[in-house]
Amino acid sequence: MNLIDSVNSDHQYSEVENYPIFRSGDTVAVHAKITEGNKTRVQIFQGVCIAIKERNKLSGHFRVRKISSGFGVERVFPFHSPNIAKIEIVQRGKTRRAKHYYLRERSGKSARIAIDYDRK
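Using this note's numbering, the letters of the sequence shown correspond one by one to residues 164 to 283.
If you are wondering where the hints come from, they were derived from the structure by calculation, not from laboratory data. Bear in mind the structure is a predicted one, so any value in this text is a computation, not a measurement. There's no promise every hint is true.
Stated by the list, open to error - FRET-style restraints, in silico, Cβ to Cβ:
#1 D281 / I167: 39 to 47 Å
#2 S172 / R259: 33 to 41 Å
#3 M164 / G200: 34 to 42 Å
#4 V239 / S270: 15 to 23 Å
What the hints assert, rightly or not - Here are the simulated BS3-like pairs of lysine-lysine, each with C-alpha atoms no more than 30 Å apart in a straight line:
#5 K220 / K272
#6 K257 / K283
#7 K202 / K272
For glycine and all other residues, C-beta sits at the position ideal for the given N, C-alpha and C.
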């Protein structure tokens, strides 16, 4: 085991195996821990997963986009972050793309992703 592998094993988060398997296009609710002063609480960020990069690696992350008060808000969550309490899948999306960056320019009905009823 070289030095890079030992550093990566020290920084890996053990709860990653408990996350559900989701794809880009799915609507997910991420329960993120927020620290305000000396208090910690859990805040839910629910939106469409528009990109996933390197799911099984230490530098892997996923990007979630939602519309809040008419403005698009995106957040990047690392897979190995201890600030993620839980991930829930709200809806499965039926898409044919890996990255959904085109949703940034769309609004209204054209920004919707169809529901995949066949996938469990």
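Problem - Structure versus earlier hints, numbers of those that do not hold, lowest first - result: 5, 7
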